[in-house]
Amino acid sequence: MTVTLDARIPAGPIADKWDNHRFSTRLVNPANKRKYQVIIVGSGLAGASAAATLGELGYRVKVFTFHDSPRRAHSIAAQGGINAAKNYRNDGDSVYRLFYDTVKGGDYRSREANVYRLAQVSGEIIDQCAAQGGPFAREYGGLLDNRSFGGAQVSRTFYARGQTGQQLLLGAYQALARQIAAGTVELFTRAEMLDVVLDDGRTAGIVVRDLVTGAVTSHAAHAVVLATGGYSNVFYLSTNAMACNVTAIWRAHRRGAVFANPCYTQIHPTCIPASDEFQSKLTLMSESLRNDGRIWVPTDPDDTRPPNQIPEDARDYYLERAYPAFGNLVPRDVASRAAMRMIDQGRGVGPLGNGVYLDFHDSIGRLGADVVEERYGNLFEMYQRITDEDPYRAPMRIYPAPHYTMGGLWVDYNLMTTVPGLYALGEANFSDHGANRLGASALMQGLADGYFVLPATIGDYLADFLNAEPLPTDHPAFVAAEREVRGRVDGFLAVSGTRPVDWFHRELGKIMIEQCGMARSRPGLEKAMAEIPALRAEFDADVRVLGSADTVNQSLEKAGRVADFFELAELMCRDALDREESCGGHFRVEHQTADGEARRDDDNFAFVSAWEWQGDDAPQVKVEEPLVFEHVELAQRSYK
Amino acid sequence: MNLTLRVWRQAGADAPGRFETYPAEGIPPEASFLEMLDIVNERLERNGAEPIAFDHDCREGICGSCGVMIDGVPHGPQLGTATCQLHMRRFDEGDTVVVEPWRAAGFPVVRDLMVDRSAFDRIIEAGGYISVSTGSAPDANEIPVPKDAADAAMDAAACIGCGACVAACPNSAAQLFTAAKLVHLNLLPQGQAERDRRTVAMVDTMESFFGSCTNHGECETACPKGISIDTIALMNRDYLKARLSDRRLLGRS
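Chains A and B supply the protein sequences, listed in that same order.
Just so you know, the numbering used here puts 391 at position 391 of the first sequence, and the rest follows in order with no gaps.
So the number in the numbering used here is just where the residue sits in the second sequence, counting from 1, plus 1000.
Sample of chain B residues facing chain A (criterion: CB under 10 Å; computed from the structure):
| hint | residue |
| --- | --- |
| 1 | 1121 |
| 2 | 1131 |
| 3 | 1141 |
| 4 | 1144 |
| 5 | 1159 |
Hints in this document: simulated from the structure, not taken from any laboratory.
Even glycine gets a Cβ: it sits at the ideal position worked out from N, Cα and C.
Excised from the complex, chain A in its bound form (with noise of 0.2 Å):
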């Protein structure tokens, strides 16, 4: 069987689809809200955006968490800043060109109508963060500050120091906890969701594992919301939270959800080099340095002298002379691409030849060391902290590492999945940063799809079901769902092999940053894909997780985690051999420029791969959505 996919992209222009869409939808009225059951996994920007807003209009919500509280969720560490059209500085921004930008910078492989309504709720989303008291940046006029950011030209970044994920996930959770207290959401935390159950090939509910007491129990609901973030742990080593994880979209995945463009993830070229083999995981520090550092690494690969030691003319600014017109402020993926080419080189810097420099010498000299600490005073606290080396002295030492996935579940323009009743939400979907994000999207995107666009297209689905109960929750469904969830972790349990989960998830990064990561070959990924089921294999064979699964045991919630990153590695890697061109994150080696630049195939490949679950013994089928070019005129990024 093979799914059809109806992006269900509404008629008209497209500045008139999301008003007509809004005015087709059913609605749902103000009375009769509270006879539906929502469910949403994940507390994130996009989670507890929707909780709080569906809570609000009246739906009765349960929202699950495997934190100790919504706050954690991994949201609160985005560091720079939210875009939004606003046009405060009067440079020229529009919601036109935010949406331009955003296509653009995702290498011409979004959904136009998507993307061109996420640039029209900007807007709404800067007023209502502002308006529950985050603390945004103000000039001394009290308005609202800007400042730019990667991939555009304008001003148009709002932020609150360099804790602006932060603020804004304390709002939205802020706005959670006031309709936990009224009682319209309830909250279940230390809960993690290890199943979604169908009915009839409609949602009916989720299975959850309780991780104090590692209690198994179902939850039913007319539909079910995952907004349970991105895959870069399957890296092992990423800017991800340690917990972060792909298990929640990729059970709904087994159960029919086609997964989308899992090959698309993004590198980010400013982190701080792993130490050793123990690190357990890699800190970003903001693009913004690239604004003010320089980027460099010796000419000659045998130099091994201090770095303020090496003559001007010893070194090479390989990003200034390679893309004289954008110079250090290239993209993400240009920027995590020549630095990979300069470590290949052997011409990499630090210990262990894993970074390049970045040096602020000359911006010390040209501002002074007071306006350089100003702009960049907590994040060089942040390096001294980590390296003990301090970066008003010496350069700092950068390299990329995996940071954001653009790929997630499949969703139609109302966030609804393949699965009736089944949304997914924020960096959990696939739907609008194309093949590359720009910075400051994410919480844009996040806060988009849970404030404004879920709220607004649920209704369509639930109207439907009006005066239907959810499914009992002793249901034969929700009951064989538990009985496999339960099959499933005691069988971790009952491996008893020898080696630790993490020492699995480590060789699978392994294998996934060098064959899947910043650049791809055919004969890499051939190997990976040979490779992975191997390991798979041994983990299944010689995993040991130990104590028992009625308390915490965090070796067990992993083991389970792992196991599914080896699944969608498989399939990531099979994407990327399908993909044969370059865009903006997916590289592969095949299809460059003379001069090493991302060569895409639009001809052949402006479409979305979507892939279709067929069972544990058969490989998932790939179904296209073709793209559709109507707004921007396709053509190759240029940097130089």
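Dock chain B against chain A, hints included.
Positioned in the frame of chain A, the structure of chain B alone reads:
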């Protein structure tokens, strides 16, 4: 580096706890404190012992999940630093390091080094928000906020909700956490309409879970985000005013 750990182990909320001693040998000085615990845990598992449970997530000092008492000090010896950002180079070769969960009646132990901080969520639910339903906000620039007020609100809003302030306090009081949120919202023009109601509700909820403040100031020292104890004074002022004011007259000058 070679260290010896004395770690609090407790199987569950109602189980008795005890200290266990573990060697932590060959630890790279550049490892973070939590990476050191990862290494110890991986060795425990290889040797057939259950790993030490501890809360952690972002490992960059912003999510507030982590936090343990290290030699009796919340988040350890480095000021303004969450446990995940503390690096082993801060310790000396041969040190014995005592690792315990937050100790406070308001934070019952869940297992080993994990505690239940849900009382913090209850305090926020009591009033730690500005009531503005989605869609009803005016244009963002219609509400000017003096830069100084915005900056001071941001200073308070930087709280990560880790609970170190409670763990540090001899009375297990949660004044610094509660005051940080109150000051963030009460300083802003958007927060004025609910200022009195919010203050009373949050303070009363806080007192139902936690002890009272007697001005030790340990909380400020322990806070990884440097939240000032001045916020507590502002909270006390607002609480007194709210208790004395007649809310029906608000809005009249």
